[in-house]
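Number of protein chains: 2
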Amino acid sequence: MTDEILTTQEVFANLQKLLNTNNISAFRETFLDHHIYDQSQFYLELTDSERLALYSLLSPEEMSAIFENIDFDEIDITPYLKEILPEYLSAIFDEMSTDNAADILTKLNKRERRSIFTLMAPENVTEIRNLMHYDEETAGSLMTTEFVAVVANQTVSSAMTVIRATAEEAETIYYVYVLDNDKQLLGVISLRSLIISHDDVLISDLVNEHIIKVDVEEPQERVARYFRDYDLLALPVVSHDNLMLGIVTVDDIIDVIDDEAQSDYSGLAGVNMDNVNQNPFQSAAKRLPWLIALLFLGMGTASLVDHFDGLTSKASVLAIFISLITGTAGNAGTQSLAVSVRRLSLNDEQNKSFFSLILAEIATGLVTGAITGLTIFAVVSFWKGNIMLGLAVGVAMFCAITVANLAGSLIPVGMDRLGFDPAVASGPFISTMSDLTSVFIYFSIAGIFIRFLS
Amino acid sequence: MTDEILTTQEVFANLQKLLNTNNISAFRETFLDHHIYDQSQFYLELTDSERLALYSLLSPEEMSAIFENIDFDEIDITPYLKEILPEYLSAIFDEMSTDNAADILTKLNKRERRSIFTLMAPENVTEIRNLMHYDEETAGSLMTTEFVAVVANQTVSSAMTVIRATAEEAETIYYVYVLDNDKQLLGVISLRSLIISHDDVLISDLVNEHIIKVDVEEPQERVARYFRDYDLLALPVVSHDNLMLGIVTVDDIIDVIDDEAQSDYSGLAGVNMDNVNQNPFQSAAKRLPWLIALLFLGMGTASLVDHFDGLTSKASVLAIFISLITGTAGNAGTQSLAVSVRRLSLNDEQNKSFFSLILAEIATGLVTGAITGLTIFAVVSFWKGNIMLGLAVGVAMFCAITVANLAGSLIPVGMDRLGFDPAVASGPFISTMSDLTSVFIYFSIAGIFIRFLS
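In the order they appear, the protein sequences are chains A and F.
For the first sequence, the UniProt record's numbering gives the first residue as 1, with consecutive numbering after it.
For the second sequence, the UniProt record's numbering gives the first residue as 1, with consecutive numbering after it.
Isolated chain A (complex conformation) (with noise of 0.2 Å):
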């Protein structure tokens, strides 16, 4: 599709020329005609006045749509909402699905969100609070109220009535909901067994009461896996006491799984990867922060073997094994803070100790401590000769190794427990922080050893 895109942009310009000259049916016409994902990326690369073109030349209706598939954790498009008169603004919020209009209306201030409610529907600035109550990364937060319900004791057809009539309205109309008559979720039929049943047929000899579902406080990594697991496009959101409140669709839940692995892939890099196509000075502004704390973390380092010094100048051989210490401790504390990151963010750990985790974890660092220790130790002797040097640098690898690996899981376990996100702790911070712990284990056994050695 490569040459689609090339010609994606050619329109793009077209349209702007359009829009430019104030060709409107033209205009109306070839936009319109685009699939709503291109009709928001060309709007978001308008300049102030196109854009307040573009307002005049569509609905609200039409500008709704836009606005449903901006992906606003990416683009921040309050600045925007001031440049939209107040009665078209609020018609937008009118015509959007209710889980995003609450997404976006979370974002501005409580005086000018009240000032966009009171030329709201009512109906729908109830629904949108409602969904602004609900934290964060939970189901709740990316659940939408439009879905298709029915009763037990109808039969298919009457169904079918009230499915077609919430169809325009409802997100998805390929799981219908069986409810009672107090609002309790009971199952789900597919569009699919409907349509292959007969018209007579009643709901309640089709419903499939083995339901999946999700609290409504449930965080969104847990509802995500249950859409990988059960292969779902819809998943019913309902209350402590099994009222159904809302449904979470599979596109929503893409989203949720790109920006979980940004986000563990982010921390250990120790850079945000949240726009990775900006200019030098940009990125440059995005990694220093990180940069520069760890280089006084790293001065720590210095001055440690700064104060090591008189060690050094008895055996100025200890100086050769410095950085690789540091480093192959640093590669082990890299390696088990991946791992423990991501066994956090896929995994249901909070069945398993806290310590359980831990000892796994040091219990590992042991062995491939052993193993590196041992080999460095040959290498060692046999190069400079010296088993006593090889013995000093074997075990300071064995244990800044061992150490490496107990911060690599510690860290990220014990932020997690504190409620914090795991995969704040980067792998830079990890490797640089095991350069000190390694320094100080490698001079300390060294300490032990100097006799023997030089």
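Check each hint, because a few of them may be wrong.
Repeated chains share a single entry, so a pair holds when one copy, or any two copies, can fit it.
What the hints assert, rightly or not - Dumping the calculated SDA-like pairs for lysine to any residue here, alpha-carbon to alpha-carbon at most 20 Å: (1) Lys213 / Asp251; (2) Lys384 / Ser313; (3) Lys384 / Leu304; (4) Lys213 / Gly385; (5) Lys213 / Asp231; (6) Lys213 / Asp33; (7) Lys183 / His240; (8) Lys384 / Leu57; (9) Lys82 / Met120; (10) Lys213 / Asp38; (11) Lys82 / Val207.
Calculated directly from the structure, the hints in this document are not laboratory data.
Starting from the known structure of chain A, fit chain F onto it as the hints suggest.
Structure of chain F alone, referenced to chain A:
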């Protein structure tokens, strides 16, 4: 849902008891009542003899559903296939969707495959053979041939008859594809728009001809991007001459997005994340190859430090800053690597030239290097009261960071151009290699400044 997960485990124990006591009807009733995902998890937990008992209690169709649900990239079930009677096994493959059957059969050798094919329905064998021709990680390898197709001059009601007839077999019925008499793809209609239309409307009046489709050889990351951007549930796959070949569905794309993120992350950490729940010995076995390989690369750095022994003995103060410079350059290199890998896997960088990518990263390196170099110049000059020492360390830091940034982008971009997966270049590899260049740069620059130091 934590308590439900617990019950699942209890249910598993109960099921296992029913299976072992050969309580056929009770077992079938309880087992088949569970979601396919849970059935497949149960299957994977069984012992050899329990699996044999299971085969005798389930029909090939029931067993095929279980096979459909297993992720063959993560779990190798080919050994299990050998324990299954050939007639039963070929019946299972006949019941499976062709894409999943092809996925498993690719893993067998030619002889094994042929013996299964001889017992299968010829039309299924032809389709599976066709699917097996497509390269891994392309649209062709992800697609299934079970989609719903109608022609343009049909009415809605006759299209609904086609849909009802194929609903059992098709992977999804929520998108209906409109083909001409030569099987060329003309457009798509959603089931949603079909069920809200009158029975006698013509398909040609409803069809959306601005269809998003992919070529059968399109790489899977690109396919995943269409799903993400356009919020699709399924995407048609066509040949070079627009012949409709199959569809890719969103559940397979979730696995692709997951796998891609996992592989980028594994690369950055220098450890394969395929299975994070292993015992310490298995974990150590996974991590040691990288650690030991990098240990020998690190020995290069150590012998370089050894080589510059004359310099350190003249000015022992130089030893203090080795780990600071190698550590900081390693951090910068890791950031650069991470951004480059992500850029390559997220975006169409095909259009950007090799050199513009590398140049951008060098520019970022120059900016971060200059600021970090100035910082360390100020700190060292002040700490050691020696401006020339500060200058030596600062200039070395500047050069080391620029080189590390260059390496961090050059290696993944180069691997990508040569057709390798850029994610294979690991963070620990970049930081260990940058240790070597940093030490070389540091001592070379210190050599110039040597008469002002000590």
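Quick rundown of the hints versus the structure:
1. Lys213 / Asp251: So Lys213 and Asp251 pass the 20 Å test inside a copy (17 Å) and across (18 Å) alike.
2. Lys384 / Ser313: Both ways: Lys384 and Ser313 sit 18 Å apart in one copy and 18 Å across, limit 20 Å.
3. Lys384 / Leu304: For Lys384 and Leu304, only the inter-copy Cα distance (14 Å) is at most 20 Å; the intra-copy one is 25 Å.
4. Lys213 / Gly385: Neither. Shortest intra-copy (67 Å) and inter-copy (67 Å) distances fail the 20 Å Cα cut-off.
5. Lys213 / Asp231: For Lys213 and Asp231, the Cα distance is within 20 Å only inside one copy (13 Å; across copies 22 Å).
6. Lys213 / Asp33: between (37 Å within a copy, 16 Å between copies)
7. Lys183 / His240: Classified as within: same-chain Cα gap 13 Å, cross-chain 51 Å, threshold 20 Å.
8. Lys384 / Leu57: Intra 80 Å, inter 68 Å, cutoff 20 Å: neither.
9. Lys82 / Met120: Classified as within; 16 Å inside a copy, 65 Å across copies.
10. Lys213 / Asp38: Between copies, since 15 Å is at most 20 Å while 34 Å is not.
11. Lys82 / Val207: neither (47 Å within a copy, 38 Å between copies)
Of the numbered hints given earlier, the model fails hints 4, 8 and 11; all others are met.
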